[in-house]
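Engineer: Please model the complete structure; the sequences and the hints are all you need to start from.
2 protein chains.
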Amino acid sequence: MLTYSFEHVDGPIYEHIYKCIKGDILSGKLKPGEKLPTKRTFARNNSVSTITIQNAYDQLISEGYVYTVTKKGYYVAQIRELTALPPVSCKISYDIDLPKAPDFDVDLSGNDYSPENFPFSVWTGLSREVMSTQKSELMRVSPIGGAAALREAIAEHLRSFRGMMIDPDQIVIGAGTEYLYGLLADLLGNDKRYAIESPGYKKLAQIYGQRGIRCHYAGMDSLGIKVDELLRIDADIAHICPNHHFPTGITMPANRRYEILAWANEKTGRYIIEDDYDSEFRTEGKPIPTLFSIDACEKVIYMNTFSKSIAPTIRISYMVLPVHLVKRFYDKFSFYSCTVSNFEQYTLAAFIERGCFEKHINRMRLHYMRKRKRIIEIIKSGDFCRHCDIMENDSGLHFLLRLHTDRPDREVEELLAQRKIRIKALSDYDLIGGDAPEHHFILNYSNITPEKVEKTLSILAEILTGQP
Amino acid sequence: MLTYSFEHVDGPIYEHIYKCIKGDILSGKLKPGEKLPTKRTFARNNSVSTITIQNAYDQLISEGYVYTVTKKGYYVAQIRELTALPPVSCKISYDIDLPKAPDFDVDLSGNDYSPENFPFSVWTGLSREVMSTQKSELMRVSPIGGAAALREAIAEHLRSFRGMMIDPDQIVIGAGTEYLYGLLADLLGNDKRYAIESPGYKKLAQIYGQRGIRCHYAGMDSLGIKVDELLRIDADIAHICPNHHFPTGITMPANRRYEILAWANEKTGRYIIEDDYDSEFRTEGKPIPTLFSIDACEKVIYMNTFSKSIAPTIRISYMVLPVHLVKRFYDKFSFYSCTVSNFEQYTLAAFIERGCFEKHINRMRLHYMRKRKRIIEIIKSGDFCRHCDIMENDSGLHFLLRLHTDRPDREVEELLAQRKIRIKALSDYDLIGGDAPEHHFILNYSNITPEKVEKTLSILAEILTGQP
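Residue numbers (the working numbering), protein chains in the order written: chain A, 280 to 747; chain B, 280 to 747.
For the record, the hints were derived by calculation from the structure and aren't laboratory data. If you're wondering where the values come from, they're calculated on a predicted model, not measured in any experiment. Hints are supplied without guarantee of correctness; some may be wrong.
Said to hold, decoys possible - Here are the simulated lysine to aspartate or glutamate pairs, EDC-like style, with alpha carbons at most 20 angstroms apart:
(1) Lys379(B) x Asp610(A)
(2) Lys414(B) x Asp391(A)
(3) Lys652(A) x Asp662(A)
(4) Lys414(A) x Glu395(B)
(5) Lys587(B) x Glu416(A)
(6) Lys611(B) x Asp376(A)
(7) Lys699(A) x Asp391(A)
(8) Lys699(B) x Asp382(B)
(9) Lys482(B) x Asp610(A)
(10) Lys703(B) x Asp384(B)
(11) Lys703(B) x Asp382(B)
(12) Lys379(A) x Asp446(B)
(13) Lys471(B) x Asp470(A)
(14) Lys379(A) x Glu693(A)
(15) Lys606(A) x Asp465(A)
(16) Lys731(B) x Glu741(B)
Structural biologist: Set out below in structure tokens:
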């Protein structure tokens, strides 16, 4: 007769009984086909209610350990013998040892983002307002392209800020450009040949690589990516940053723009991905018109993100598809949902519509211009100016520092890393080899203080001169 | 000599001059190599300041329309002739005609979500609190696995609610299960053979299909997916819902669970994806222990989402990887960022930690149980009960209605759709053919009112009897 101890029972009694019986079945103490006591007997013997036993039996039945025969009672089911299962010793028990992000005192690579730059009070206010006034909209699942309200706000922003005349339905909103690159690759076809710029972002090749796409690196000259490189590669898709190339800072001039568009138009299936990641912070002159807006033949897919212009951690990016790709996109992907939360889509829509985005950008642009000026002054006015040239590149959140040294770039980086300073050289972005000059370092000033610049310069001077 | 009209100028003068000159260059009025007037002459002739002309020239230079020769002046650049570009008439100008979501008065397919069910006031409060107290955390980019705070909260929830003992580092957070399925497929390999259940979700095959993966449909019996089907298919990966299969409602019993685990363990590279999409709302008994928790050999990847338990529009899902896959995951994907916004990750972490999630689930479970009871009563107590059988399936947010009719399922659906009622039949989920009985309709009651049920029943009666 089944009896179990009820001492030290933690949780409901039925659960305890269920566990005891299950344990006995798994250990073989209760054999397949064996009849279990009736609920009444079992309850009496254990001084619990029949309801408790009923609950325990129900649970065992629903999990398949026990079955009932009408008017006969409860029986132990034939479950696969535990011995047929691999022994528990096959448990692979090494520790999880996740790669840790290195800890730097000064990060000149621009990975950092200061909380001071984020418009917390406006954002919190709008977010609260949206949650109290747009409840139904917030609960309605957005199509893969994103909530209409946000697409309309972005279309209007692009019209007034970038001179782009588009239909909001051409916009696709996604959780970060990395996600959108993959989605776009699925749309254009993973059998296509991709060209990416060198120097440029190695990460692009990794992202496309996840789709089984091998990227080919196209060399650049002072006007940007070279058309003969695209022809050499026999590229179908050119992924480029014509408005402010990273890290060189090149803005592609009009003649090269028309050449690239003509290249795309020579063959069906050729497209240009125009990555416009930081146009908002061009500090001088009018923003350059986009390739998209001078493209008459629907060859350009425009990409932008709010990572740079608002914060990297809100994860909202978008692309603008040429009209003929919109239909193909929805034919292929309408079963997906948008990857961005409605809460943030509606908050961002309000942020743009109310003019807060424009104000924020203007404020940040001014902030970055002042910072740039201040930091260049620090470099020029100090001793360190003997060891370097400052190479301005007109826009964006960085400039280049050419160091007077023979030390290889990797060595300089390593020596600085030992002092907890992260800096990247232009040559880190050289994907072909020989495309980027040595000794040019990228100084992203978006999130560092003058004090940190001074500290960096004094450590750099030590490294270059060998004197502390 | 260049002179331009300044009447009706809208915007800065320099921009107007820049546009005029650019237009003349593009139209050919100004020829390549032609010298432009000096700033001073130009300024005097047009009665504007030299600074204005300087700004216009700078913009033209940065876009490549004009170049300077030191001490000589400004010249029109050689840009590719516009005639070499395709004529504007190649602009494909058909209208964008996006598929519109059909508009239903009653939706029994469960696609709808009522704003009343979302804990707006708690969520708004936590969200505001997070934004005012965790500014630095919010601005720190989360690794691909997600913010540590949320992973820890989920691990603790899984421990107490699902009895799963895991390290938070095993958790990967992503913007929706659709996204995570793709990421997981990239991890396990797109050359693998996938088995999915029939009846089941066709969408799974579409999502995997985007990765070039062809899915194979595995038949089920009353215990769930059949192991001989997995062998027939020669599957590497079985994507299953063992805890509450949709739409049949089957809970896989222990013996079949051990059989499936044994199948997975027979060969390296075999894995089971355990999709536990609605375990929180199992209305009767204790939640079934997960396959993951009885798996001693690291063969199960556990997946869950907050779409069902909180709201479909917040787009937060997660998966739990076996330990040995964690390292592989980070080796492969650490260059990605997490696709979920930090704002929502930290808000959700607080929502779980403070016990609000548990309270919310309990409240909703009770709400759904009452609703289920009420709706079943309505059906049983009315005239319509002569035309159908109610087939309960113990858990989840739906039950089945077997209609006494000879009309094909598609016809019933179509007739209802004409009356603005959406309902799905079990046979809609039959992916092999012949796997699901006819005349079984899925009644998802999560978001409908008793009135809507009554309306549906009376229209159904008309359709079945042919009498209004």
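Engineer: For a C-alpha distance cap of 20 angstroms, please report whether Lys703(B) and Asp384(B) respect it.
Structural biologist: holds, 15 angstroms
Engineer: Keeping to a limit of 20 angstroms between CA atoms, is the pair of Lys587(B) and Glu416(A) held or broken?
Structural biologist: holds, 17 angstroms
Engineer: Please verify whether Lys414(B) and Asp391(A) have alpha carbons no more than 20 angstroms apart.
Structural biologist: holds, 13 angstroms
Engineer: Decide if the proposed pair is consistent with the structure: Lys611(B) and Asp376(A), CA atoms, cutoff 20 angstroms inclusive.
Structural biologist: holds, 14 angstroms
Engineer: Checking one constraint from the list: CA of Lys482(B) to CA of Asp610(A), max 20 angstroms. Satisfied?
Structural biologist: holds, 14 angstroms
Engineer: Are Lys699(B) and Asp382(B) close enough, with their CA atoms no more than 20 angstroms apart?
Structural biologist: holds, 7 angstroms
Engineer: Starting from Lys379(A), check that the Cα of Glu693(A) is at most 20 angstroms away, please.
Structural biologist: Between Lys379(A) and Glu693(A) the Cα gap is close to 17 angstroms, so the pair holds against 20 angstroms.
Engineer: Hint check: Lys731(B) vs Glu741(B), CA-CA at most 20 angstroms. Holds or violated?
Structural biologist: With a Cα-Cα distance of about 15 angstroms, the restraint between Lys731(B) and Glu741(B) holds, given a limit of 20 angstroms.
Engineer: Hinted pair, alpha-carbon criterion (20 angstroms max): Lys606(A), Asp465(A). Please report holds or violated.
Structural biologist: holds, 14 angstroms
Engineer: Has the given pair, Lys699(A) with Asp391(A), been kept, meaning a C-alpha gap of at most 20 angstroms?
Structural biologist: Holds - the C-alpha atoms of Asp391(A) and Lys699(A) are around 14 angstroms apart, at most 20 angstroms.
Engineer: Please verify whether Lys379(B) and Asp610(A) have alpha carbons no more than 20 angstroms apart.
Structural biologist: Since the Cα atoms of Lys379(B) and Asp610(A) sit roughly 12 angstroms apart, the hinted pair holds (cutoff 20 angstroms).
Engineer: Sort out whether Asp662(A) lies within 20 angstroms of Lys652(A), counting only the CA atoms.
Structural biologist: Holds. Lys652(A) to Asp662(A) sits at ~18 angstroms (cutoff 20 angstroms).
The structure is consistent with each of the numbered hints, conforming to all of them.
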